[in-house]
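J.: Residue numbers (my numbering), protein chains in the order written: chain A, 172 to 696; chain B, 172 to 696.
Some hints could be false.
Because identical chains cannot be distinguished in the list, a pair is counted as satisfied if it fits within a single copy or across any two copies.
DSS-like mimics (lysine-lysine), calculated; alpha carbons at most 27 angstroms apart, straight line [unchecked claim]:
| id | residue 1 | residue 2 |
| --- | --- | --- |
| 1 | 400 | 265 |
| 2 | 434 | 493 |
| 3 | 434 | 652 |
| 4 | 434 | 583 |
Think of the hints as simulated: they come from the structure by calculation, not from any bench. Owing to the predicted nature of the structure, the values given are computational and were not obtained by experimental measurement.
Number of protein chains: 2
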Amino acid sequence: MLKNVVLIGFMGTGKTVIGKRLARELGYEFVDTDSLIEKHEGQSVPEIFRNLGEAHFRKVEKRVIHQVSDRDGIVVATGGGAVLDPDNVAALRKRGLMIGLAAQPQAILSRLEGQRDRPLLNTQDREGEVRRLLKHRRPFYAQADNRLDTDRMSVGQATRKIQHWLTTRLSHRVIVKLPQNPYEIEIGWGILEAIGHRLTRLGLGQKVAVITNPLVRRIYGATVLRSLKKGGFDTFLIEIPDGERFKTARWISHIYDALIQHKFERGSCLMALGGGVIGDLTGFAAATYLRGISYIQVPTTLVAQVDSSIGGKAGFNHPQAKNLIGAFYQPRFVFTDVKVLETLDRRNFISGLAEVIKYGMIADAELFYFLEKYLPKIIDLNRYYLLPAIRRSCEIKAQVVQEDEREGGRRKILNYGHTLGHALEAATAYKRYLHGEAISIGMVFAARLAHDLGLCTQKTVHQQETLLARAGLPVGLPKHKPADILKAMTYDKKVKEGEIHFVLADRIGHVQVRSVKQAQIRDLL
Amino acid sequence: MLKNVVLIGFMGTGKTVIGKRLARELGYEFVDTDSLIEKHEGQSVPEIFRNLGEAHFRKVEKRVIHQVSDRDGIVVATGGGAVLDPDNVAALRKRGLMIGLAAQPQAILSRLEGQRDRPLLNTQDREGEVRRLLKHRRPFYAQADNRLDTDRMSVGQATRKIQHWLTTRLSHRVIVKLPQNPYEIEIGWGILEAIGHRLTRLGLGQKVAVITNPLVRRIYGATVLRSLKKGGFDTFLIEIPDGERFKTARWISHIYDALIQHKFERGSCLMALGGGVIGDLTGFAAATYLRGISYIQVPTTLVAQVDSSIGGKAGFNHPQAKNLIGAFYQPRFVFTDVKVLETLDRRNFISGLAEVIKYGMIADAELFYFLEKYLPKIIDLNRYYLLPAIRRSCEIKAQVVQEDEREGGRRKILNYGHTLGHALEAATAYKRYLHGEAISIGMVFAARLAHDLGLCTQKTVHQQETLLARAGLPVGLPKHKPADILKAMTYDKKVKEGEIHFVLADRIGHVQVRSVKQAQIRDLL
């Protein structure tokens, strides 16, 4: 899931020094292939050249490069001659973005000043030899995905340039391939200002209403409105107070009134700028105003980015049950700037991680192990780790939704942890737990239930519980009365004709849907 | 569009006497082929046989039968030997249902007593000849669609039997062929009691909520509930007060509350038993409860039967505009008992005729001319004329909907007469006009506008206006201020980015959509 960064180029272009700094900035590990070769052979590169010959050096280099290429999350500095072998290039490319560092012969010579031990430059005419080698190797270095001239650049400057480029490379598009209304999820870092430009490609009408809450408006409202205006749209804001308890019919009505006041027409468009509440209300208003107008999701919380903004579930709460009223209504476009999570409060962010972990459990062991391995980096909002995790989550959600848009079958697996989770939220009047927190407890419960039913090993239960706990999510089963929780469960939509359907993991990365007797659930509670 | 009824059978089985009575009951014209032949030849059948021979008689008979077969709405009594010629049978079948009358030889002989002039029975052994002829002709009479033994039956009894059978033959199924959710419209006469049985074939859950209004409940509530119970369903009633002003968010909420109270689940089902208001509210509740459950339309007004029950438009009114909030959400099944129109008040029935005439104008000249020809019979609720008109209307609506489910293009033609019609309703606070009445005025206006723009002839304008007026619909343009009407028009959904789109007929049976300048509309108003 993680890309490597591979620095290629001539000696003296700064591969090692820039690589080390870059690795520190990215939170990656730095690897120098020459050093690995020296370690392996127990002697220095010049010694290997002298004692065993270049051919031997190249053989060992190739082996080292292949080993290195199987790893992830590393910055690799390669020897100057490594990319002359197409085999090496193919291996490095497998998981790596290749950056070619370059410099003028003069700069190279001055940087190599005092370094006698360069086996290929043991000659009187160092400059001539540098020029000759450079000329020969130029086409090989040109294989890089990007090129950086380091002549007049400090190490810091060069590193920032590469980071900037890597950030743009994090952008990714996921298509939700629904036959009637396919749409794109664009995921990137720091892309929010481009929203207006991006929307011009969708063929929308003139009017866009941005629906948001006061908190998000204060931080991102001006940026989004400015960008939309630049894109040529007529815009205005509709504010909904912040919080689940405002996801009600009353606030849907408020949106309708504003749309009528601004004479919204069938070609007009809504934009949800916020978390799940904003997204659900906006989607429902869009689904029902004039029997359906377009809407765009611009999710600003982690749970919205990986879950609620995708798949068209829209609706509001009824005093008796959450999300009781709603519709399946797909957005025209989902625009996800992961950088906005920098302003999300920690508890909300962690809560969203529960859904990311859920995706690993239900559909993708690779994601689960990635989270296990890099959890601290993700919690630190290191974009190079966070973006792949979000992207993969979106891919899984899109995949499930396109297999079953209206939750007739497979989409039910997304409710892993939700049967108990929703009941917990309801039993505590949506005040005690954030959604992801309740889902975390729900997943722990589901795993134990699965183990009780002989579906999964104790190890699986333990692995999931450990990861959730490490993320800072609650894992202790609730102390509410079992009867209360059961009652809340039966109000939930996942109840079919009196039976309780549970999504249960049989191993990491795979689940099944089973109907479970209420008595069995009561016992475990 | 209309079927003929063709009576075949041996002499003395009652073809003429039953045919005459039947024609009176059906409101059809009675035609006796032998009489036509006599008229044509200027002599009686026995005379033709004697003077010109049987071969000549058969030649003339064939010509007469072919002429008769091109007409519609007639009861035809054929000569006893007519069906021996396969050519005659094919012609009679083209538009006719064939009923074979039969009787025992003894009955036939006693009925023919005193009739000397039967050319084929000029023999001593009348009984033997009858038996011989009957034996020979039996396979030919067996070609009938239905057979009736008239031995011990009065003319009245025989007529009622045939009528009953013809009524069952009026039942018809129209399929709305939507790729995601195709469904059937079942149209019949007196079929309401079968609703419970009919629903058992749809694979629904146990629970069905019948949503209706007090008036309809009093007349049909018990019948429907009893039938549903017989079909094995758990049912209860939800009552909405009668009238457009109750098509509001408040009454949608009322439905939600009742569904929650009865623990409705995803497999549960709603049934709209009523007119457009009930259908729209039920459809919207079904679309949004638990993000969508099944619903059945059982329309009890003409406008609901031919229009609002088909195509999935659901929603409610906003204080500012009618149908402003809604969804496209298809029913699982539409069950249309035309007999219930017998209890519909006259004004409402006539209002519904506006939509039937609309279908003729926009898509089917044949339907339009059928209405021109048989309007009095339809207004009399003669089932044999009314059912074909409703069936054809449903077919047109289904066809348009399946070409354009979400009103992106072609479906707009259904809004013929609606641009002004909706505006009139709004400008008079939905109090002065019934929907069809407003649409009637709207169609008159649209026709004049089309003529002004050079799209259609004055004759077309006149034909439409005449038919509407004959039906008892208002055709006078409104006396409201043009500015008020224009303002109401721009609140309407058919307005796109400031322009007013009009559906305009260029001839009977064909329309086009055009954007018209507001000034042009003001002038005509």
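J.: Confirm or reject each hint.
T.: Here is what the structure says about each hint:
1. 400 / 265: This pair counts as neither: shortest intra-copy Cα distance 42 angstroms, inter-copy 66 angstroms.
2. 434 / 493: Between. Shortest inter-copy distance 14 angstroms satisfies the 27 angstroms Cα cut-off; intra-copy 31 angstroms does not.
3. 434 / 652: So residue 434 and residue 652 pass the 27 angstroms test across copies only (22 angstroms; inside, 51 angstroms).
4. 434 / 583: Between copies, since 20 angstroms is at most 27 angstroms while 38 angstroms is not.
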